[in-house]
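4 protein chains.
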Amino acid sequence: MNNTIEEQTWSRKNLYKVLEVTRGKKSRASIIFNTVLLTTISLNTFAIILHSVKSLRHDFDTFFSDFEYFSVVFFTIEYFARLWVCVENEKYKHPVWGRLRYIFSWGALIDLLAIMPFYLSNFTSDTGLIRILRLFRIFRLFKFSRYVHALKVIENVFKEKREELILSVVFFLFMLLISSSTMYYIENAAQPKVFSSIPATLWWGVTTITSVGYGDTYPVTTLGKILGGFVAVAGVAMFALPTGIFVSGFNEHLKSTKPQEKKYKYCPHCGEALE
Amino acid sequence: MNNTIEEQTWSRKNLYKVLEVTRGKKSRASIIFNTVLLTTISLNTFAIILHSVKSLRHDFDTFFSDFEYFSVVFFTIEYFARLWVCVENEKYKHPVWGRLRYIFSWGALIDLLAIMPFYLSNFTSDTGLIRILRLFRIFRLFKFSRYVHALKVIENVFKEKREELILSVVFFLFMLLISSSTMYYIENAAQPKVFSSIPATLWWGVTTITSVGYGDTYPVTTLGKILGGFVAVAGVAMFALPTGIFVSGFNEHLKSTKPQEKKYKYCPHCGEALE
Amino acid sequence: MNNTIEEQTWSRKNLYKVLEVTRGKKSRASIIFNTVLLTTISLNTFAIILHSVKSLRHDFDTFFSDFEYFSVVFFTIEYFARLWVCVENEKYKHPVWGRLRYIFSWGALIDLLAIMPFYLSNFTSDTGLIRILRLFRIFRLFKFSRYVHALKVIENVFKEKREELILSVVFFLFMLLISSSTMYYIENAAQPKVFSSIPATLWWGVTTITSVGYGDTYPVTTLGKILGGFVAVAGVAMFALPTGIFVSGFNEHLKSTKPQEKKYKYCPHCGEALE
Amino acid sequence: MNNTIEEQTWSRKNLYKVLEVTRGKKSRASIIFNTVLLTTISLNTFAIILHSVKSLRHDFDTFFSDFEYFSVVFFTIEYFARLWVCVENEKYKHPVWGRLRYIFSWGALIDLLAIMPFYLSNFTSDTGLIRILRLFRIFRLFKFSRYVHALKVIENVFKEKREELILSVVFFLFMLLISSSTMYYIENAAQPKVFSSIPATLWWGVTTITSVGYGDTYPVTTLGKILGGFVAVAGVAMFALPTGIFVSGFNEHLKSTKPQEKKYKYCPHCGEALE
Chain A
1 MNNTIEEQTW SRKNLYKVLE VTRGKKSRAS IIFNTVLLTT ISLNTFAIIL
51 HSVKSLRHDF DTFFSDFEYF SVVFFTIEYF ARLWVCVENE KYKHPVWGRL
101 RYIFSWGALI DLLAIMPFYL SNFTSDTGLI RILRLFRIFR LFKFSRYVHA
151 LKVIENVFKE KREELILSVV FFLFMLLISS STMYYIENAA QPKVFSSIPA
201 TLWWGVTTIT SVGYGDTYPV TTLGKILGGF VAVAGVAMFA LPTGIFVSGF
251 NEHLKSTKPQ EKKYKYCPHC GEALE
Chain B
1 MNNTIEEQTW SRKNLYKVLE VTRGKKSRAS IIFNTVLLTT ISLNTFAIIL
51 HSVKSLRHDF DTFFSDFEYF SVVFFTIEYF ARLWVCVENE KYKHPVWGRL
101 RYIFSWGALI DLLAIMPFYL SNFTSDTGLI RILRLFRIFR LFKFSRYVHA
151 LKVIENVFKE KREELILSVV FFLFMLLISS STMYYIENAA QPKVFSSIPA
201 TLWWGVTTIT SVGYGDTYPV TTLGKILGGF VAVAGVAMFA LPTGIFVSGF
251 NEHLKSTKPQ EKKYKYCPHC GEALE
Chain C
1 MNNTIEEQTW SRKNLYKVLE VTRGKKSRAS IIFNTVLLTT ISLNTFAIIL
51 HSVKSLRHDF DTFFSDFEYF SVVFFTIEYF ARLWVCVENE KYKHPVWGRL
101 RYIFSWGALI DLLAIMPFYL SNFTSDTGLI RILRLFRIFR LFKFSRYVHA
151 LKVIENVFKE KREELILSVV FFLFMLLISS STMYYIENAA QPKVFSSIPA
201 TLWWGVTTIT SVGYGDTYPV TTLGKILGGF VAVAGVAMFA LPTGIFVSGF
251 NEHLKSTKPQ EKKYKYCPHC GEALE
Chain D
1 MNNTIEEQTW SRKNLYKVLE VTRGKKSRAS IIFNTVLLTT ISLNTFAIIL
51 HSVKSLRHDF DTFFSDFEYF SVVFFTIEYF ARLWVCVENE KYKHPVWGRL
101 RYIFSWGALI DLLAIMPFYL SNFTSDTGLI RILRLFRIFR LFKFSRYVHA
151 LKVIENVFKE KREELILSVV FFLFMLLISS STMYYIENAA QPKVFSSIPA
201 TLWWGVTTIT SVGYGDTYPV TTLGKILGGF VAVAGVAMFA LPTGIFVSGF
251 NEHLKSTKPQ EKKYKYCPHC GEALE
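Protein chains in written order, with full-length UniProt numbering: chain A, 1 to 275; chain B, 1 to 275; chain C, 1 to 275; chain D, 1 to 275.
Since the hints were made in silico from the structure, they are not lab data.
Any given hint could turn out to be false.
What the hints assert, rightly or not - Between beta-carbon pairs, the in silico distance windows are:
1. B:175 to D:64: 34 to 42 angstroms
2. B:120 to A:190: 34 to 42 angstroms
3. B:175 to D:234: 27 to 35 angstroms
4. B:189 to A:190: 53 to 61 angstroms
5. C:178 to A:123: 47 to 55 angstroms
Here a beta-carbon is modelled for each residue, glycine too, at the ideal position from N, C-alpha and C.
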């Protein structure tokens, strides 16, 4: 009996090592599994994109639905396998609470979001809802994030510079609201259809501040053009803000992760080692 | 008699602590008041935006005007309460001159601008003027600034880098005037309606230098396209200027506000000072 | 005789001090002259801009031509006065060669360019030529440069980072030529009028790389859109180059002009002063 | 016999010094050859651009084809001359394997690509293929790269910051796919022709994230505009990433290549080391 439990633990540990991306030497099984998983996610991305093309959708209908079935089955097995082995991780070691905590972890939620829409769409015949559920398939892309270690850097910069980034967003919203409201009052009389309300003018505000400038909405009155010019200039200047924040954030981060030469390795006076 | 004055002073001090955003522990009254104020400002912002939508304006007319009355009454009481208690602040402690100085402070002017248009609009029946006064309501958004401590950072960067920023503006105006004037002389013959005068061409200049490019005005002659290309490139390059200024401004500011810890001030072994 | 020369020298020196922008205490005469000059340049700028507006040109015709006469007379007197007194400057002290060198200095050429077109336009009746000469009046704006000391900073950054900036320009031209040529071969069949030749496609290239995107030329074929997408992304990424160059250029410049604390003022071992 | 080999070696060495851009004093022959080569490349670039203009192509047909023959002959001689002398370079000193390795070096491949299309076009009469081969002539521009030493800096920054740049690209693709897929599901019903499929919507995604905004595709539904606004803002913010990477990359590179002078390595008074 005891033997069986040990054996089970042993095989669970092995499976954990196969499934999870860990540092150090990888086993052949782990390399094969992760290659298959990455390929399946990539192919899914392509399938989602190509399926939206009408002609392809009609010609390869069976192929697309077969691939969808295969993907969901594969991702479902993966999901439950990960749920079974997650207790090998110190963070989730309790068989019940650990697994529950794992279910609500970022990675597990993404894995669930990748398969859930398929099962839910079987419970409804509302084509609108099915359409929306189909949209959620794109979140399978997020399954890639397990392999992008570098996302950690972005996350850290966001955390460290949180206050400054919030400030940028607040600034942007201020500028957007003030400029769009004023532009609405200026342009509304001349272009009552395009600048029909402040919410409609916000679209002008965003495309101008970000300097996208599609050309579907732009001021035509002299006063509106003067304001528009100021907003465009202020917009470019304002985006210097987050750029600066990111730059200094990255620099600081790189400095703190890179080993820095110490000023003094030994005290220059007594020769004793420092630290 | 003396007692009453003291009591009055005491209650004024209390009210001051409730109204003003101070550091340290906040009283329950202060938290409630500031929450109500922030909510009212936020709702005002939404009301202004939604009121501009024709259908909403008609359907919820009474609601909008009621909310406007409530807001003005609330902001008016707030304004006079702040004027009464401002003398508790060391900067405005003289009962007459201090209060006068307070009235012309940034915060008080914003508070006044938030209520004044409402009262002024009662003295006129000119719908054009009422329209403009209505526009001023958007400045109620600035009442938020009391709560955004981080605005101080922006202000400091602006102050420290004032000279460089002025230089950027001067550069921008130079480029704008030179390029627009030249473009006017080049394109006027080919597009007499679009490039009708230098002031009209300035609109092309701004949308090109900021790379917004709505597409309502662009050169069609070969010479105009060559100049336009140079201006577009120079525009992007030129906005590297304020970006650089902001970046170094932020870095310097962060360095000088963050406490920089030296590792060792004294050698821990022999006690000699390490510089 | 000698006295007269001395007197002349003395008055020339005085006039030099009035005309030239020097550091230190300014005399009342200098302040008045420079204020008048700055005002005249500013008014000239406005006059040039407003003169291009047809209605204003017709209504205030006499005013504009009177102001033009006044400006040219004023700038001509200024030019010759500066030419007379320039020998007070150590750089141009030789009465003949110094003055000749002064004539070909940057500042003097700008001053000449501000008045020359007026005189030249009297020798021709060709309206086309007069139009072009009229355009040159905009260079009067450059007379401002005498007062913008900060232009020196830009000039220095350009000099110090010359190699990197040339590299950026070379890179930009490479990208522009390669992408436009390829786009021409791809899109020419689908849009023979818009992408009629490589020179015509260069206009698409510039508006895309600088992300202006007027919307007058854009690819419509799938291959063209793929290339267009890459060019747009590469364009934004590429402009990170000069930004980085400027940023580090400014930082370096600021560091070298700001007094830097020395690490050791005195040798910590023997106490002797270091430099 | 031995003498002849020596002589051959001697003349090969001389030719090597003429052909290759080396540091130090250049011989007159080297300066002449390189000037001629640079001029030929420049003229080729102009010829390719001007040949695409229909009117010029017809009027100067013989001239263009003569210049093409001359260029190809010149570049072919250059190619084989370089192949002959390349063994003088330590890296390719083996007469057979060294030359083979040279053939697959970056520089030699560019040289081959500059002449190959011409020879290949003689083996086919397919105008479509000839058109494509003609396109490859633009790669003659890359022959310039031999002279742009500074490209090394870019290459090094790319190498050093490879991981971060890959991260940026991954981030960009993520954002592009997620936003375009979602936009497709939102806008498809309202604009079935413009947002016909996800691949078609990717074009919208690229022009928005890079803020080019041609104006040929933009959302018209409220939900689409909200998403579009977020994507535009995120796009600008995201390009702060590679900018920051480049900036810090350049700074680091400049620091490590510039010799940093210490002021004093040793105290000039007592001889003690100052670090």
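Going down the list of hints, with the structure as the test:
1. A beta carbon spacing of about 39 angstroms between residue 175 (chain B) and residue 64 (chain D) agrees with the range 34 to 42 angstroms that was offered as a hint.
2. Separation of residue 120 (chain B) from residue 190 (chain A) is about 25 angstroms and departs from the stated range, judged on CB atoms against 34 to 42 angstroms.
3. Separated by about 29 angstroms at the C-beta atoms, residue 175 (chain B) and residue 234 (chain D) satisfy the suggested range of 27 to 35 angstroms.
4. At about 28 angstroms, the CB distance of residue 189 (chain B) to residue 190 (chain A) disagrees with the hint of 53 to 61 angstroms.
5. As the Cβ distance of residue 178 (chain C) to residue 123 (chain A) is approximately 54 angstroms, the hint placing it in 47 to 55 angstroms holds.
Of the numbered hints stated above, those contradicted by the structure are hints 2 and 4, listed in ascending order.
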